[in-house]
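Residue numbers (the working numbering), protein chains in the order written: chain A, 1 to 326; chain B, 327 to 662; chain C, 663 to 1012.
Source of the hints: derived by calculation from the structure; they are not laboratory data. Be careful, since some hints might not be right.
Stated by the list, open to error - Which chain B residues face chain A? A few, computed with CB under 7 Å, are given here:
1) VAL344
2) LEU351
3) PRO478
4) VAL481
5) ILE587
6) PHE628
Stated by the list, open to error - Label pairs and their computed distance ranges (CB to CB):
7) LEU331/B - TYR195/A: 37 to 47 Å
8) PRO735/C - ASP464/B: 41 to 51 Å
9) SER271/A - THR405/B: 33 to 43 Å
10) LEU649/B - GLY129/A: 47 to 57 Å
11) VAL138/A - GLY584/B: 13 to 23 Å
12) THR206/A - GLN420/B: 26 to 36 Å
13) TYR457/B - ALA986/C: 52 to 62 Å
14) SER268/A - PRO431/B: 26 to 36 Å
15) VAL633/B - LEU44/A: 41 to 51 Å
16) GLU394/B - VAL55/A: 56 to 66 Å
17) ALA365/B - THR206/A: 48 to 58 Å
18) ALA365/B - THR208/A: 47 to 57 Å
19) PHE338/B - TYR818/C: 30 to 40 Å
20) ARG566/B - PRO735/C: 19 to 29 Å
From the three backbone atoms N, C-alpha and C, an ideal C-beta is built for every residue, glycine too.
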Amino acid sequence: MSEFERMAEVSMTNAERRRQWLDEAVLAPARIVWDDWRARAGLLVVVTYLLLGTVGPLFVSEPKPNQGPLLVGAFRTLEYPLGTTASGTNILSQIVHATPSMLVMITAGAVFTVVLGTAIGTLAGYKGGQTDSVLMTVTDIMMTVPGLPLTIVLATALQIKGNPAVIGVLITINAWAGLARAIRSQVLTIRDDEYVEASRIMGMSTPTIVAGDIIPNLMPYITMNFVQQARAVIFGSVGLYFLGVLPYNKVNWGVMMNAAVNRAGATSSPSAFHWLLMPMLTIIVLALGLTLLAQGADRIFNPRVRARHAKSVASGDGDTPNTGDI
Amino acid sequence: MSYVLKRLGRSFLTIFVVVSASFGLIRLLPGGPLDYLRAQMIQQGGSDLSTAEINRRIAAQTNIAVDEPVYVQYIDYMTAIFRGDFGQSIWYDQSVAGVIGPAIPWTVFLTATALFLAFTVGVSLGAFMAYKEGSTFDVGSTGVGLVLNSTPGYVVALLFIAFLGYRLQLFPTGGRYASELTPGLNVPFLASVLYHGTLPILSMAIVAFGGWALSMRGNSIRVLGEDYLRVARLRGLPTRRIALRYVARNAILPMYTGLMIAIGTVFGGAVIIENIFAYPGIGFYLIQAINARDSPLMMGAFILITVAMVIGITVADLTYGWLDPRAKGGASRESY
Amino acid sequence: MPRDSQTERRGAHDPIIEVRNASVTYDLEYRDAMVLDDVSIDLRRGEILGVVGESGSGKSMLANAMMDAVEEPGITTGEIRYYPERGSEPVNILDLSDEELRSLRWEEISMVFQGALSSFNPTMTVRGHFEETLDAHDYDVEEGMERARELLEDLYLDPDRVLDSYSHELSGGMSQRALIALSLVLEPQVLLMDEPTAALDLLMQRSILSLLDDIKEKYNLSILFITHDLPLVSGLADRLAILYAFELAEVGPSEQVVRNSQHPYTRALLRAVPSLDAPLETMRPIPGSAPNPANTPNGCHYAPRCPLATDECHEETPPWFDTADDQRTACFNHDDAGDAVPLELEVVES
C-alpha cells in the first residue's frame, strides 16, 4: 500500500520514465542472464551459432570435393580443423555452410508452433463454449497423430522442394497442439483472476485484455516452448535428412551424417568416424545451448528475480523471505 | 462411464480423420502418389496396358477406383481400411497388412520397453535428486540430465553401433533376433530378442530419462512445499507413507500429460532408430516404402503407427482418470 | 532484556500451555530476523484464547511454536510448558525428542490450518486421511472412525458423503469443518486454530464459530484461535491477546479489551476494522506500515506509528502494566490511550 502512495506522490519526468523503461525492459533481463552461468553459457552458444550462420559463410570457404587430402582426422591440422570427408571436402566448411538454412528452418518451425499454439490456446481458453470445444477437438486429434511419421508422409506426398522454411514448418506440423492445450489451461486459470476481471469490468476489449493481461503471464510457457520446438526441429530435420527422406539442395548436418555412414561406413570404420561425430557434436552443443538459454529466460520472467535486478524498481522486501504467515 | 465412452469416441474420431486425410493425400493431390503410380505402371507395361486395366490395378493396390466418383472412392477406401485391407504393397508384392502386421509387435516391444525404462529410472532418480536438493549428486545429475536431454536418440544409436557394435563386438548391429532360431516361447529365442533389442531400446531410453528426472525433481520439490505435506508430517505419518502416498503420487501425476506426448515422440523416434539398427518394425517399413515409392505401404504404415499411438494415448488417458480423482468428469489434464 | 515472565501468575488460573519468553528467529545472510519476540502468555484450560494481529505479525509463529512446529530454518527459543492435567508435572515441549513430539502432536495438541483445501492430499479421500492418522498413532481404526463420524455429525456434515469425497469435491466450508474433525480425531486437549475461517464467506465464518463453542464444551477443549479479524473473535473468545509486530501488545478478557483497551494499537485496530454495526465514517486506517522482521525498532515496536509515542517509547521496550483485572498492557502511556484514540461507538456486540 505504501508503495502505491509513493508512486502517486512522485511525478516522473518523461526522461525518467524512459530511463526506467530501458532499465526494466532491457537492462534487467540482460543483468539476469549475465548473473546466471547457465544462461550465460547458453547465450554464448546461441550467439556463436547465429554468427556462424550469418557471417560464418563469408569467412569459411564453400565446401567442395578435393579441398584437401581424403579423410583427414579431426583436430590434426589447422587447415582442416574438423578433418575432411572421403572425397576430401573440408568438414568445417560443410558445417558452417549448413548453418544458415538450419537457422531458417529452426526459426520457421518454432515461430509457426508458438504463434499457432498461443493463438488457438488463448482463443479457446478465453472464449470458451462452442469455440473452445471445437478447437480442443481439433487440438486433441492433432496431438494424437505421430509427428515425425506425419512429416515424412507429407514431405513425400506434397513433393516439397528443399526450402528450409517449409521443412521447418512441416517438422513441427502438429507440435502446436501440445502448446495450445497448455496455454488454454493457463488462460483458464488466469481468466478468472481479479486483475483480469478488473480489466473486463473497466470495459477493455478482449484483444486488449489478452494482449495486456494474459499473454505476458504466458511468456515463460511460450519461451520454453519456443526453445523446445527449436530443439525438435534440429533433432527432427537432422534425423530425417540422415534417413534420406527429405529433399535438400544444400549441404546439411544430417546429410553429412548420412554420407558418412553410407559412403564411408563411419560406424564401422574408425578412420571415417570423425565425419559422423562432428555434425553430431554440432547438434548436441546447439541443443544444449538452447536448453540453458531457456532456463535463463525462465528467470527473466520470474518477477521476483526480475525485481532484484531492476534498479529503478524499489526492491525493499526483495531479499527477506516471507516469514510472517505460513 | 460416460467419460470413458467420450474418450473412446474421440480416439475413434482421430483414427477416422487420419484415414480420411490419407485418402485425401493419395487421391486429391496433383502429382501425388496416385499419379506417380500411374506413371510407373505405364512405364513398366508400356502401351500394352489399357487405361481401364491400369485403373483396375491401381484400385487393387490402393483401394481407390479412379473411374468412380470421388465420394464412392472415399467410401470404398474407408470401408476397406476399416476392414483391415490396406491394399497391396508394390515393392513386396503382397498385402500391406501382411507386410506390416507382423512388424507391429516388434515396434510396440521397443517403444513400450524404452518408455517404461526411461520413465521408471527417470522418476526414481528425480525423486532422489529432489530429496538431496542442492547436493553434489543433485547438481551433477542435473547436468547429466541436461546433456542427455539435448542429445537426439539417433546420435546415441550411432555411437552405440560404432562402439558397442563394431568396435567392441558386444551387441549385434541389426536385426530382431538371430536368424537360426525358431521364433516361439523358447529361452534362446527370447534371449536373442532381448539381446538384439538392447541397443535400440537403450538409445531411446537414455535420451529420455534425463527429461523425466528433471521434471520429477521439479514436481517433487513443489510438492514438498505444499501445505498438505506439512499437515501430514504434523499428523505424525510414517516417512514411508509420506514419501509414497503424498510426494511420489502427487509429483508423478502431473507428468502423465508428458507421458502422452512422449508416446508420440517415442513412436516418431522409433522410425529413425529402427532404420539405424535395420530392425524390421513399422518405422523400418515406412522408410522402405518411401525409398521404394511404395505409396500403399507408406500410407498403411502411417495409419498403423497412428492407430498404435492412439491406443497408447487412450490407455494412458483412461488410467490417468482412474489414478487422479480430479480428472473425473472429463475435466482432465487441466492441472499441469 | 526479557520481560517480567511472572506477570501471568500461576495458581490463580489453571494453564494448559504456558509460553514463556518464546522467540522465533531466522538466521538470514546478513542479519537475524525475529518473527516472534519474547512472547509470554498462557492458554488456560477450557478457554478460547483469541490471538489477533495483522498478517505478518507473528501470530502463526506463536501457534507453530506451541507445538514446536516452526519450519526450518526458524529457531524457537524460550519455554513452552504443557500441563496434561491440572497440577500435573509440565511437559517441556521444546525439549521433546522427535518421537515424543510425534505422539504429542495431534494426540494432545492439534492444529487446524487456514487453507483447508490445501491441507488435504488431493489424491486421497477424506476417509483415507482419518484412517492413516489413526493408524500412524496406533489407535483402533474402527473405533476411531466411529468417533470421526460423530465429529462430522457434530459439525453438521453428512459423514458418509464427506468421508468418501476428495477435498476438491467439498466446498470451502465443508472442507474446513472436515479438517476440524480430522484435527480432533485423536481426542486432543488443545486445538490451535490458525485463521481457520479466513478463506470463507461471512455466513460460513459465523456458523463455524458457533459450532466451535459446542465442540469445545463437548470434547473439553482448550482453543487458541488466531485471526486478523478482531470483531470476529471477540464474541467467541474468553480472552484476547493482541500481537503487534512480533510482540504482545495487550492481553485481557475479551469484553474488557474491546470496550476498555489501554493500548493505542488495540484501540486503533478497533477503529480500523469495518463492522456491520458501525457506520463507515467512523473507520480509520492506521497510518504507516508494520516493521520488517529483520529491522524492528529498538523500543516499542508500535512507536513509529503511535500518536502517543515519546522518546522513552522509541528507546525502551515497555514493561507490562496491570491495567485492569486480569488485563495487562505493554504501553508506557496506557493511561492516556483512551483519550488519544477515542472509540466513537459501541464496538461490536458480543
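Hints, one by one, checked against the model:
{"no.": "1", "hint": "VAL344", "in the structure": "6 Å, holds"}
{"no.": "2", "hint": "LEU351", "in the structure": "5 Å, holds"}
{"no.": "3", "hint": "PRO478", "in the structure": "4 Å, holds"}
{"no.": "4", "hint": "VAL481", "in the structure": "5 Å, holds"}
{"no.": "5", "hint": "ILE587", "in the structure": "6 Å, holds"}
{"no.": "6", "hint": "PHE628", "in the structure": "5 Å, holds"}
{"no.": "7", "hint": "LEU331/B - TYR195/A: 37 to 47 Å", "in the structure": "40 Å, holds"}
{"no.": "8", "hint": "PRO735/C - ASP464/B: 41 to 51 Å", "in the structure": "19 Å, violated"}
{"no.": "9", "hint": "SER271/A - THR405/B: 33 to 43 Å", "in the structure": "56 Å, violated"}
{"no.": "10", "hint": "LEU649/B - GLY129/A: 47 to 57 Å", "in the structure": "30 Å, violated"}
{"no.": "11", "hint": "VAL138/A - GLY584/B: 13 to 23 Å", "in the structure": "21 Å, holds"}
{"no.": "12", "hint": "THR206/A - GLN420/B: 26 to 36 Å", "in the structure": "57 Å, violated"}
{"no.": "13", "hint": "TYR457/B - ALA986/C: 52 to 62 Å", "in the structure": "54 Å, holds"}
{"no.": "14", "hint": "SER268/A - PRO431/B: 26 to 36 Å", "in the structure": "29 Å, holds"}
{"no.": "15", "hint": "VAL633/B - LEU44/A: 41 to 51 Å", "in the structure": "45 Å, holds"}
{"no.": "16", "hint": "GLU394/B - VAL55/A: 56 to 66 Å", "in the structure": "58 Å, holds"}
{"no.": "17", "hint": "ALA365/B - THR206/A: 48 to 58 Å", "in the structure": "52 Å, holds"}
{"no.": "18", "hint": "ALA365/B - THR208/A: 47 to 57 Å", "in the structure": "56 Å, holds"}
{"no.": "19", "hint": "PHE338/B - TYR818/C: 30 to 40 Å", "in the structure": "47 Å, violated"}
{"no.": "20", "hint": "ARG566/B - PRO735/C: 19 to 29 Å", "in the structure": "25 Å, holds"}
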